Amino acid sequence: GAGVSQSPSNKVTEKGKDVELRCDPISGHTALYWYRQSLGQGLEFLIYFQGNSAPDKSGLPSDRFSAERTGGSVSTLTIQRTQQEDSAVYLCASSLSSGNYNEQFFGPGTRLTVL
Amino acid sequence: GNSVTQMEGPVTLSEEAFLTINCTYTATGYPSLFWYVQYPGEGLQLLLKATKADDKGSNKGFEATYRKETTSFHLEKGSVQVSDSAVYFCALSPNRDDKIIFGKGTRLHILP
Chain A
-7 GAGVSQSPSN KVTEKGKDVE LRCDPISGHT ALYWYRQSLG QGLEFLIYFQ GNSAPDKSGL
53 PSDRFSAERT GGSVSTLTIQ RTQQEDSAVY LCASSLSSGN YNEQFFGPGT RLTVL
Chain B
24 GNSVTQMEGP VTLSEEAFLT INCTYTATGY PSLFWYVQYP GEGLQLLLKA TKADDKGSNK
84 GFEATYRKET TSFHLEKGSV QVSDSAVYFC ALSPNRDDKI IFGKGTRLHI LP
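Line by line, the protein sequences are chains A and B. Positions -7 to 107 (the working numbering) are the ones given, in order, by the first sequence. Positions 24 to 135 (the working numbering) are the ones given, in order, by the second sequence.
Hints are computed from structural coordinates only; laboratory data are not their basis. Because the structure is a prediction, the values reported are computed rather than measured. Among the hints, a few may not be true.
As the list claims (entries may be wrong) - Chain A residues, not near chain B, derived (Cβ > 10 Å throughout):
(1) P0
(2) K3
(3) G8
(4) D16
(5) G20
(6) S54
(7) R61
(8) T68
(9) E77
(10) T105
(11) V106
Unchecked claim - Covered stretches of chain B, as calculated for chain A (at least 3 residues, CB under 8 Å):
(12) 61 to 70
(13) 123 to 134
What the hints assert, rightly or not - For the chain A half of the interface with chain B, some residues (derived, Cβ under 8 Å), not all of them:
(14) A23
(15) E95
(16) Q96
(17) F98
Where is the CB? At the ideal position from N, CA and C, for every residue including glycine.
Please put together the full structure from these sequences, using the hints given.
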């Protein structure tokens, strides 16, 4: 079946602009995760959804970052007033349900470049 | 806090060599442990996992054993192939938690 999909695959934006990144999880997966992969910081957890609620937002680096999930499916990560340090690959993952025994399946990522 | 430390790369080996990538962790309670792999141009995928002490995860000839006494989860393969060239990430998921905490990654190059 279809895996996790993310769009766009690449995004180039100017400093100060807002961007929206989209994630479509595997059908039937109730848990959804956002991570960021950057050269300096490696892979970092950002936020996790169970259904439409976000029990853990502890990884969001600033209040410029927000995310929502609707209908227990698609999620959007929004970065307002982008800065150059936001440049990274943003990864989305989904799993059948929450809990640390459940495998997370990762999407191909969105490469964000802030000029 | 929770963290993962893995050996820095890049690691370069000849085909059929023995591979070890060291990984140690810090966590409270009983985390689940993982190795993820990222092949060139592909997304991150789970290679193997172990969910309790002394468990051995294995896949594609790779193995790792959950050692609570040494807080380690070293990745091993007896005979590597060129197709194993990739970036390998050691990771943990804290007990009763959902996020994954990753190590920095180790780039592996296998020469024919």
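Here's how the hints hold up against the structure:
no.	hint	in the structure
1	P0	holds (15 Å)
2	K3	holds (17 Å)
3	G8	holds (30 Å)
4	D16	holds (14 Å)
5	G20	holds (17 Å)
6	S54	holds (18 Å)
7	R61	holds (14 Å)
8	T68	holds (19 Å)
9	E77	holds (18 Å)
10	T105	holds (18 Å)
11	V106	holds (22 Å)
12	61 to 70	holds (count 5)
13	123 to 134	holds (count 6)
14	A23	holds (7 Å)
15	E95	holds (5 Å)
16	Q96	holds (6 Å)
17	F98	holds (4 Å)
Checked against the numbered hints above, the structure breaks none of them.
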